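Hey, can you work out the whole structure from these sequences and the hints?
As you go down the protein sequences, you meet chains A and B in turn.
Under the numbering used here, the first residue of the first sequence is numbered 1, with each subsequent residue one higher.
Under the numbering used here, the first residue of the second sequence is numbered 1001, with each subsequent residue one higher.
Hints listed in this document are in silico derivations from the structure and should not be mistaken for laboratory results.
Just so you know, these numbers come straight off a predicted model, no measurement behind them.
A virtual CB, placed ideally from N, CA and C, is assigned to each residue, including glycine.
One should not assume that every hint holds.
Below 27 Å or equal to it, Euclidean Cα-Cα: the simulated DSSO-like pairs (lysine-lysine) are [to be verified]:
| # | chain 1 | residue 1 | chain 2 | residue 2 |
| --- | --- | --- | --- | --- |
| 1 | A | Lys297 | B | Lys1079 |
| 2 | B | Lys1150 | B | Lys1112 |
| 3 | A | Lys297 | B | Lys1112 |
| 4 | B | Lys1109 | A | Lys450 |
| 5 | B | Lys1112 | A | Lys450 |
| 6 | B | Lys1158 | A | Lys297 |
| 7 | A | Lys286 | B | Lys1079 |
| 8 | A | Lys230 | A | Lys250 |
Distance ranges between label pairs, derived from CB positions [said to hold, decoys possible]:
| # | chain 1 | residue 1 | chain 2 | residue 2 | range |
| --- | --- | --- | --- | --- | --- |
| 9 | B | Lys1158 | A | Tyr408 | 39 to 47 Å |
| 10 | A | Ile363 | B | Lys1150 | 57 to 65 Å |
| 11 | B | Lys1158 | A | Met383 | 23 to 31 Å |
| 12 | A | Trp382 | B | Ser1071 | 32 to 40 Å |
| 13 | B | Thr1060 | A | Pro199 | 23 to 31 Å |
| 14 | B | Asn1070 | A | Val376 | 34 to 42 Å |
| 15 | A | Leu399 | B | Ile1144 | 49 to 57 Å |
| 16 | A | Ile327 | B | Leu1043 | 24 to 32 Å |
| 17 | B | Ser1057 | A | Leu453 | 44 to 52 Å |
| 18 | A | Leu453 | B | Asn1147 | 50 to 58 Å |
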Amino acid sequence: MPGQLNLFQRIRYSIFPGTLQRPEYRERYRSFFNSLILHFRPHSVQQRTLRFTLTWGLGGMAVLLVCILFATGLMLKFVYQPVPDRAYESIIHLQNNVLFGQLIRNIHHWSGNILLIIVFLHFLRIFFTGAFHPPREFNWIIGLAMFLAVLTSNITGYLLPWDQLAFWAITICTGMLEYIPGIGEWLQGLVRGGSDIGPATLSIFFAIHTAVIPACLLILMPFHFWRVRKAGGLVIPCRPYEDETSENEKVPTIPNLILREIVVAVVLIAVVMVVAVLFNAPLEAKANPGLSPNPTKAPWYFAGIQELLLHFHPLFALFIIPVFMLIALVSIPYFNYQTETAGVWFASLKGRSMAVVAALVAIIVTPIGIVADEFVIDLAAWMPNIPGEISNGLIPFALMLTATFLFYKIMKNKFSSNNNEALQSVFVLLAVAFIILTITGIWFRGLNMKLSLPGYY
Amino acid sequence: MPTKTKEKKSEAEPTRRSFLNILWIILGGVALAEFIAVAFAFLRPRKLKARGENADSIITAGAVESFRPNSVTAFVRGKFYLACLEDGGFLALSRTCTHLGCSVPWIEKELKFACPCHGSAFDITGNVIDAPAPRALDIYAITIENNIIKVDTREPIKRNTFRVDQVTYPKKKV
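Right, here's the structure in full:
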């Protein structure tokens, strides 16, 4: 039989020798290919974890976006030149002269931004389904580390086009580092590679963006997935009124899980492509170190922190509050919880109503606070003899902490809930407040960072 | 039972083998520490002194007579403003806002520096008029020789507020 084959068949069978055999061997060969997939995925999964409303496909979407970013980033690397005199020109060249250059840049830009949103939603999903309870505590920490990596990647990538938007946003962001007590100035010099933003900064950001972060993600992502496998797969979803022990059936991964993942992937790719075709990634005039645009804003994911900066002394807005938040996030899986709620959305029905109440409180109180601070409250002027760190920092911060603690106590008593539900309501309160601060920073800040309606400046 | 005694010995007191194993691990640790130290030294930003003695960093602003009192002149190359105060004294102000590092333009009409980023404002001496800037604009050292003003832009001098001894006066002609 081999004698009758032509050259192309011989090449084909040399690559896929199994397909030469009889059909039953072919079947065996296919299972060999499937087992390649099963190196990454388990053989079988709990049927109930396939429920779309458990995961919303967010983890898979994040992986796919990282793959898209790797591919498009690699392509951009062939054109982009990380030197101040050439960076902006090479982007112009990419957009005007390179075939599909603008499209590839758009896909990279939008994937990066969408990834940040998806990762944030994934983080909320993990929190609200209680997927940080043992044995998944440490995977929560790995997830936070990857969240920071994605954030760093976005910031460092922001500078690379070297236009006015990039230059001044990064000036502000690295300017924030100066307020970290003790090591602030040293850290700023390390990040900028000198006292000003210049060629050294661009080299450093380029290296972090194209080598350090990808390497970190390549290590952390498999670690994250391996810990999911070690924990026996995803949390098993359980509606609050359902009996946890009912139907625990396992189904084969192929095709049950793989097919669902492919559907999510195809839809997401379509969405990214449509966005990339319709909306160009922003590019303003070339960076001019002598001319700050008005208003100069940080990237949208830092708009919340920039908004805090308008209300608190920089030491608190840029250092103490973010450090408090980070410590709180890291310690979430290590609190003592009264019940085990893994897999139940919002811990219980009561937890859900408490979350709604907390969200409503935040939606009402935060805008009132922002407006009041803009027009009425001026702690620094009311207490002229006290340094700004205290009058505009410690005092409002202490008030906020007290208010949060009172909120926790009131919620716990009012709903006579356990601490899972009460802590969750505090998380909702703070998360919603932060989202509102971010929205205000992005859309409601106009000329000179004054409060104004979108489009009215 | 010779083997059993041997095992017991290794648990109780360090044998030559376990000692050497520990030694290898320590050596590995030293090598790692060396690499980390090298990496840190490599990444540390170079001192401004490297820019030091070259002629670029000292900028000749011009003759004393060419500046009107109560005026501010921008020097783009040196990234500073030369302010001539009411009494004829000179201050070289950094154009970098002390809040987050934006460039502050001089508003001639209102006689103030207004930062476009977060609305900080400074008067002609660099003092803060409007928050959130935490301190006055940095200054650079000025020397006046033969009525020619020279500004040393190597190192900005940080200060909290304006003081009279920061001003440089030209020598009175006799």
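Cross-check of the supplied hints:
Proximity of A:Lys297 to B:Lys1079 is assessed by CA-CA distance (about 22 Å); at most 27 Å being required, the pair is judged to hold. Of the pairs offered as hints, the one joining B:Lys1150 and B:Lys1112 holds, with about 24 Å between alpha carbons and a cut-off of 27 Å not exceeded. Restraint check for A:Lys297 and B:Lys1112: the C-alpha separation of about 22 Å stays at or below 27 Å, so the hint holds. A distance of roughly 21 Å separates the Cα atoms of B:Lys1109 and A:Lys450; the hinted pair therefore holds under the 27 Å criterion.
Taking the CA atoms of B:Lys1112 and A:Lys450, the gap is about 19 Å. The hint holds against a cut of 27 Å. A hinted pair counts as satisfied when its Cα atoms are at most 27 Å apart, and B:Lys1158 with A:Lys297 qualifies at roughly 25 Å. Between the alpha carbons of A:Lys286 and B:Lys1079 the distance comes to roughly 18 Å, so the proposed pair stays at or under 27 Å and holds. With a C-alpha separation of about 16 Å, the suggested pair A:Lys230 and A:Lys250 falls inside the 27 Å cut-off, and the hint holds.
For the pair B:Lys1158 and A:Tyr408, the beta carbons lie near 42 Å from each other, so the given range of 39 to 47 Å is met. Remark: the range hint 57 to 65 Å for A:Ile363 to B:Lys1150 is upheld by a beta-carbon distance near 59 Å. Restraint check, B:Lys1158 to A:Met383: a C-beta distance of roughly 25 Å satisfies the suggested window 23 to 31 Å. Between A:Trp382 and B:Ser1071 the beta carbon distance is about 37 Å. The supplied range of 32 to 40 Å therefore holds.
One distance hint, 23 to 31 Å for the beta-carbon pair B:Thr1060 and A:Pro199, holds here, with the actual separation near 26 Å. Look at B:Asn1070 against A:Val376: about 36 Å separates their beta carbons, and that is inside 34 to 42 Å. Checked against the hint of 49 to 57 Å, the pair A:Leu399 and B:Ile1144 passes, with Cβ atoms roughly 52 Å apart. Take A:Ile327 and B:Leu1043: their Cβ atoms lie about 27 Å apart, and the range 24 to 32 Å holds.
Under the hint 44 to 52 Å, the C-beta atoms of B:Ser1057 and A:Leu453, about 47 Å apart, fit the expected range. The beta-carbon spacing between A:Leu453 and B:Asn1147, approximately 54 Å, falls within the hinted interval of 50 to 58 Å.
Checked against the numbered hints listed earlier, the structure breaks none of them; every hint is satisfied.
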